[in-house]
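Here is what each chain is made of, one letter per residue.
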Amino acid sequence: MSEKQEFVPRIIYFMCSWCGSGGAETAAAHHLHYPENVIPSRVNCTGALPAVHILRTLIEGADGVVISGCHPGDCHYEDGNFRARRRIALVKSLLDSLGLEPERVWFRYVAHGEGRRFVDTAAAFNDHIKSLGPNPLKTRSDT
Amino acid sequence: MNAKGAVLSADEGMDRAVIEWLKEALKREIFDAVLIPVETPAEDAFAYLLIQNPAILDRASPLPPVMPVQGGKAIGRLTMRGHLNDRVAAVVRPCEARAAIELTKLKQAHLTNLVLITLDCPGVLPLSDYLEDPAAGAARFAEAAAQGDRSPMRPTCQICHRFSLAQAPGADLHIGILRNGDGAAVIVPGSAEGERILEKMEMTEGDEGTRLVAQMLERWSAQVEEVVDAQLERRRQAHAEVQAAVAGADRLLDTFSSCINCHNCQRVCPVCYCRQCYFESTALKLPPDNYLARAASKGALRFAPDTLLFHLGRASHMALSCVSCGACEDACPMDIPVGQVFSLLADRAQDALGYVAGRSLEDPLPLVAYEMEELHDVEQPYIEIYHEQEVQDA
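Going down the list, the protein sequences come from chains E and B.
Residues 1 to 143 (my numbering) make up the first sequence, in order.
Residues 1 to 394 (my numbering) make up the second sequence, in order.
FYI, nobody ran anything at the bench for these hints, they're computed from the structure.
Please note: incorrect hints may appear among the correct ones.
Calculated cross-link-like contacts (lysine-lysine; reagent style DSS-like; alpha-carbon spacing at most 30 Å) [claimed, not checked]:
no., chain 1, residue 1, chain 2, residue 2
1, B, K285, B, K298
2, E, K138, B, K298
3, B, K298, E, K130
4, B, K200, B, K27
5, E, K138, B, K285
Hey, can you work out the whole structure from these sequences and the hints?
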């Protein structure tokens, strides 16, 4: 038993069902590993991910949220990733105005073939959140 | 430059002048009806009346001391189900006109055949202050308005800089009443429709008049500009103060800790238009196991749950259309500074996406439109450090 418990963040990884989760499949085919505390969650398109879901994730106990969709111009629905970018800009602006650490939300394009980039994103975000520390909202019972 | 506009002489007070002008317009059949605030018979509130009978217009108050119903909501209710076949003039404050424009873009109102008439707004009193003694409140409002003193007004009115046509250019006609010194106001067209109406009212004057009007217009816009600058400074300061008071998880939860989940702020909000609010829907009414799991992870769970989610989520839904009117704060029974917080969130969010709520019908809604090349600071750059690290490890 280790004498000091290491902080293991809870991270939700929202990925679109075309490129983002395709990247996860490619990573699996190449036997690439990513941290086990990163919980993948598939959405149809990042453009269809409501801002409320990101906020709710952060309020209900996640330490960070990372969102991956197709590269610009590659969206299965033409412009979903451009819409997602605007919506995430809105969420980040709200979090920033309220001092709720907008850096707990990442948005990075991952293409179907980019398994390496997918696991790198998960690992880099995990380290980034570890250095940020736990999300203060997750232990507050009065949310 | 061509002097656009006309003089509205106000020997018997501004309200009287506006009412007489509207009556004349009704007589000339420029409008078929007028939507305007009127004091209720009990003399303790003001309500929007859709007036067809000119005699009732005599009781109207173009600038009432309080805003029990946001005019944008009234216009939305009137025109939600389709456009007007008769011509209606809506006499509203600039924030109410901006809300009506947002609702139109959100397809919740129709401005066809509706003429938006706004006035230089001195602000309104908080409803609770006014209700303590309506007569004294009305007197206090009149005095403060005459002196351009915003200190007794609602907190969001105290920091409002979109009280006139220059900063809220969506109206068809605007009545500039900002102290002109000589008991007269200017009536300025904000659209081609407004110009046509002034022509029909024969308010375009000869050469001699033109010079006088140009003078008054110049004086008025100089004064508006001066107040806008002062208000902008006050707004920056107030927003910095609000942010210092609410920023961070602890202070934010302290701010909303007295919330009783009445959702009044949502109900009175002019741009919260959903028939079914997400935060009142079954999407957030979950089986008991869900709550037990959340209580287990947090240690305990406050009931009714999702208070912070309601406020933050509502901000994510309406911050981009928020006109900073302050109706939410007026409706809050717990005195939470919700209007000030939302005004801060709205300004920052609209800044981030290059949008001003209610400025014009032409600006596309920010979550509907997009540019290919924008907001690159939101995208997390990919640094291949992690890749290299793993290659070394392998």
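Consistency of the hints with the structure:
no., hint, in the structure
1, B/K285 - B/K298, "19 Å, holds"
2, E/K138 - B/K298, "6 Å, holds"
3, B/K298 - E/K130, "19 Å, holds"
4, B/K200 - B/K27, "12 Å, holds"
5, E/K138 - B/K285, "20 Å, holds"
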